[in-house]
Amino acid sequence: MLLETPTRNRMKEIGVCGAPVGLHVSLGPSAAANVGEAKWQFSTADRFFVGTAEGIALERKCLGDFYTGAQWSPVENGCADVQSNLTVTLYELAKGNITKDKILDSTLSMAMMMTAAEDLSPSDVQYVAQILRNAASVPAVEPEVLRSVVHTVDTVINTISASENRDIFSNLPRKIGTAVENIALNTQTDNKAVKVAGNNIALSVLPLSLIPRGGVLENWGSDVTMLLNDSDKEPEERLEQFESFEVAVFLPENVLEEKRRNKETDMVIVVSRNSQFLKNVTVISAVIDVVMGTEQVFDVDPPLKMIFKVLKVILFDTVFVYLISMKLVLM
1 MLLETPTRNR MKEIGVCGAP VGLHVSLGPS AAANVGEAKW QFSTADRFFV
51 GTAEGIALER KCLGDFYTGA QWSPVENGCA DVQSNLTVTL YELAKGNITK
101 DKILDSTLSM AMMMTAAEDL SPSDVQYVAQ ILRNAASVPA VEPEVLRSVV
151 HTVDTVINTI SASENRDIFS NLPRKIGTAV ENIALNTQTD NKAVKVAGNN
201 IALSVLPLSL IPRGGVLENW GSDVTMLLND SDKEPEERLE QFESFEVAVF
251 LPENVLEEKR RNKETDMVIV VSRNSQFLKN VTVISAVIDV VMGTEQVFDV
301 DPPLKMIFKV LKVILFDTVF VYLISMKLVL M
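Residue numbers (UniProt numbering): 1 to 331.
Mimicking EDC-like on lysine to aspartate or glutamate, the simulated pairs with C-alpha atoms at most 16 Å apart in a straight line are: (1) Lys309 - Glu236; (2) Lys233 - Glu253; (3) Lys309 - Glu243.
I should point out that these hints are in silico values taken from the structure, not numbers from a laboratory.
Sequences and hints are given; from them, build the entire structure.
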């Protein structure tokens, strides 16, 4: 970098901590006489990456300039002295650039770390969310990437659901969900349905050329069954072919026709467990997202039909009896 007329403000802009080893900053003749050649050494991850004892990530800001020198900003009290190898590795992966050539390796590495991890801290989940957002910027991905992503999100949902401090994670599920939707829309389907499922999430990418009408999740752990627009039956009637199901979603025909006219190619259906509900409480636990193009589908006329299996709870003194026979239809 060459500064012809260096000023204090300009030096603040380029005086950054964590620059690569041996970075030389050449100054103009007048400044060089007073300041000379500046060499800034690389700062390792533990110099600028910190977290609290509760596992919440903090970022340290780089302060100073070429006159005063660079220094890290102070951090909040309660920082953990040592970060886990998992947290540091996820942090480094989150800070890296994910390209088309690297996305499969990056998402596979993340999925393998999730498999091996005994526990995930809030920092870990925060960095997973950032990695997924970085991956969502890659315009074309292979279906194998989606499988790694679903495996990772499956583990994250388990972590959040089991946490006693879910409020720490409150803003992360939506960020993760949006990233997953975008990765799914970028998946190359070759005009075939792509289906991936975990214990807490099921995802289908359905080419609109197949003329889908909706999807049904029969059981957690199974794929979303695609229903085509090849029947005159009403959605509720079509569900009679299933012995049981967790959730179903049907789109109005006019919306599908409009999307095809607008050259949209795929529809994404994501069904996931709501990780924010308390454990052992019987509620509707499924969250449904339907995406075509860059927008979620929700405010349409006629409306979407989302059908949930719910448990009817009958209270006799202190004994609960569950009758699995009800269906709730939301439109």
